[in-house]
Structures are given as C-alpha cells and as structure tokens.
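*Asks:* The primary structure of each chain is shown beneath.
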Amino acid sequence: MKCKKCAGPAALELRRHNAAFCSPHFIEFFRKQVAEAIHKHRMFTRDEPILVAVSGGKDSLALWDALLEDGYQTAGLYLDLGIFDYSQESKAKCEAFAASRGLKLYVERVADTVGAPIPDVQKATRRPACSACGLSKRYLMNRAALEHGYAVVATGHNLDDEAATLFGSVLNWQMEALPRQSPALPSSHPKLVRRVKPLYRLSELETAAYAFLRGIDYIVEECPFSTGATSLAHKELLNRLEEASPGSKHNFLFGFLDKARPAFERLEDVVLKECSRCGQVTTGEICAFCKLADRVKQHV
Amino acid sequence: MRVILRNPRRELEVSGKRRVKELLLELHVLPSTVLVIRGDELLTGDAVVGDDDVLEVRPVMSGGGA
Numbered sequence: 001m002k003c004k005k006c007a008g009p010a011a012l013e014l015r016r017h018n019a020a021f022c023s024p025h026f027i028e029f030f031r032k033q034v035a036e037a038i039h040k041h042r043m044f045t046r047d048e049p050i051l052v053a054v055s056g057g058k059d060s061l062a063l064w065d066a067l068l069e070d071g072y073q074t075a076g077l078y079l080d081l082g083i084f085d086y087s088q089e090s091k092a093k094c095e096a097f098a099a100s101r102g103l104k105l106y107v108e109r110v111a112d113t114v115g116a117p118i119p120d121v122q123k124a125t126r127r128p129a130c131s132a133c134g135l136s137k138r139y140l141m142n143r144a145a146l147e148h149g150y151a152v153v154a155t156g157h158n159l160d161d162e163a164a165t166l167f168g169s170v171l172n173w174q175m176e177a178l179p180r181q182s183p184a185l186p187s188s189h190p191k192l193v194r195r196v197k198p199l200y201r202l203s204e205l206e207t208a209a210y211a212f213l214r215g216i217d218y219i220v221e222e223c224p225f226s227t228g229a230t231s232l233a234h235k236e237l238l239n240r241l242e243e244a245s246p247g248s249k250h251n252f253l254f255g256f257l258d259k260a261r262p263a264f265e266r267l268e269d270v271v272l273k274e275c276s277r278c279g280q281v282t283t284g285e286i287c288a289f290c291k292l293a294d295r296v297k298q299h300v
Numbered sequence: 301m302r303v304i305l306r307n308p309r310r311e312l313e314v315s316g317k318r319r320v321k322e323l324l325l326e327l328h329v330l331p332s333t334v335l336v337i338r339g340d341e342l343l344t345g346d347a348v349v350g351d352d353d354v355l356e357v358r359p360v361m362s363g364g365g366a
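The listed protein sequences derive, respectively, from chains A and B. Quick note: the first sequence, position 215, residue 215 per our numbering, numbers continuous. Quick note: the second sequence, position 64, residue 364 per our numbering, numbers continuous.
Think of the hints as simulated: they come from the structure by calculation, not from any bench. Hints are not guaranteed to be accurate.
Stated by the list, open to error - No farther apart than 27 Å at their CA atoms in a straight line, the calculated lysine-lysine pairs in the DSSO-like style are these:
1) Lys-2(A) <-> Lys-321(B)
2) Lys-2(A) <-> Lys-317(B)
3) Lys-259(A) <-> Lys-273(A)
4) Lys-4(A) <-> Lys-321(B)
5) Lys-32(A) <-> Lys-2(A)
Given the structure is predicted, the values throughout are model-derived calculations rather than measurements.
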C-alpha cells in the first residue's frame, strides 16, 4: 500500500477517506484535521491559554502534543480518580509527558472533593462507575479551569466517542443531551468555561496511530470499570457498521452536527443558576456533584 | 511468528507467511479497531508477515460512559 501523497510505503490506511499515508504525511493529515476543527468552531485563539484535560490515554496526550506542535499555549489537568494501579500508571504517563516537554500539569484528586475515590463512590451510589466519574470530571475540569484562570478546556474526545455518544442519545431519545452534543460548547454563564473537542474529526484508530508514530508513551490498558460499559457496546456496533460501509460513523456524526442539531438546539431553554452549596453552575438549587458528594458521605 | 495481544495481555504463536488482514481475520479482529505494530513501524493490511516476526496487535478502543 502506498502513501497517497508521496507514493512511499504507507503506515496507515484510512478507508473512510479512501487513502493511505506514510508516517510524515499521516502526521501532517492529523494536524490539519485538528486545525480545521479549531478554525471551524472558533475553539480558541493563539493568544488564549488552553487547559488540556489529560488521562494518560492516547487521545488526550495526542491532543496535547498536536496543540503544542501547532504553537498553542497549554497546560495539562490530570484528574486522579483513585482507581487502583490504573490511576497511578495513567498519572505517571501524564507526568512524564509534561516533564519531558517542560509543561505545567495540574493534578486534582477526585477523592479530595467528592469524599472518596471512584471505586468507593460506585459502592456508595450503586450506579455504574462511569456515571459518577463523568459527572466528577466535568465538575472538576470546570472548577480547575476557573481557579487557574483558563477560559477554555480541551478534551480528547474523538470521532468514535462522539458517534457513540450520539448513538446512545438517539437510541434513548435523550432530548436534553442532543443540543449539548457539539465539538465546542460556549460559555453560557460567567462560571462556565468553554469546552472544546479538537479531535472530533479523527477516529480512534487515527489518534492511536498518531500517538504511536509520535513516540508518545500512553496507557494502553483500559480502565477496569469500563468493562461492560454501554458506550463500548455502542462503539462495537458502530465499528461493525463502519467495516461494512466505511464513512458511516463520520456521516452519522457530521450529518447530525450540520443538519439535525440546530433543530434540537431550538428546543433547549435552560435557566442556569449557581449551586447554593458550592457556587458552581447548575439548573437546580443544589448541583448534581454536591448531591453525589452527599450520597458518598452517607455511605463512606 | 509471535503475536502479542492486549487487554488482557496474551501471546500466540502463529506459523506461516500471510498478509496482516488475513491474520486479523483469523484472530476475529476488525482491522479498524487495532494498530498492528512490528518494532517501530505500523503495518497496513496488505503487509506480509512471516515466522520471524514479532507483532503487537494493540486495540484502539477506549472509554467508558463518560
């Protein structure tokens, strides 16, 4: 197989683009896709410092690398979920990445705020760990960005993540989730920072290939709590569809963003307030994170 | 050839020359869900691998519900 651009030996075939690239031209392709995402959704400017939420996995470290290589001012934020060896190893990957490039890495322990590490939160709430984990991450990312003076948080969500989330939302007709699914969520309150996903145009295969070809040491092992997660079942279904019809995931997500999302956006009419306990933004009196922390306190 | 699989980590011994896409078919792995790594290079589906090779088949799927 030959590179589409130079006819040298290809490192990666991208069936949905009907193309293959050698290592240097794939890296060039990847960075162009990131640049296109940033430009199209006006995610941030070159003057703005960006807080990159990193997990130690391929996506977030590939994102941090791509932003750095494009000259953006960045710092990392690692949220320590307290998930046994997995968290220790993923934190070490982030620290090594930051140290080797002389970058600032903020580290926050979920247990310090919610009252217990994620495994104990799961026991206390008797709900899937991913639910409490996602809620805690969104809360702490926003709070950390505000505390450290960042107006924007970038996450490593990729095309597969976004297509699987959309699939789950449509499957259950989660009308409140559909308008919020976007590569860039603007700040709709002085205490809510902008959230952006510069990798949404790139598949998981592409982010993994970029991380490998750039020599990024990322954690390959999966979170022990992700076994059996519904979102992974959705990804597997979409992967089978993609195998039979390359470009299906892209068409599903991009079709939604271009054609359907504006209609759902018009339905959204949410009044935002500040939580009476912690002051973070919520739609109720007490935010979901404080309610979670209450449940944890009762059981831990 | 020695084939290293991940999550969970395990190893297989496979004999005979074949294309990467044929190997993945035998392993019941969708090509778009893994990187096939030989040393410091990525292999495409049409690459031919043989008895002396050591390959890592690294899954790319990640994430939970968040």
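*Asks:* All hints, please: hold or fail.
*Replies:* Do the hints match the structure? See the list:
{"no.": "1", "hint": "Lys-2(A) <-> Lys-321(B)", "in the structure": "holds, 16 Å"}
{"no.": "2", "hint": "Lys-2(A) <-> Lys-317(B)", "in the structure": "holds, 21 Å"}
{"no.": "3", "hint": "Lys-259(A) <-> Lys-273(A)", "in the structure": "violated, 30 Å"}
{"no.": "4", "hint": "Lys-4(A) <-> Lys-321(B)", "in the structure": "holds, 20 Å"}
{"no.": "5", "hint": "Lys-32(A) <-> Lys-2(A)", "in the structure": "holds, 20 Å"}
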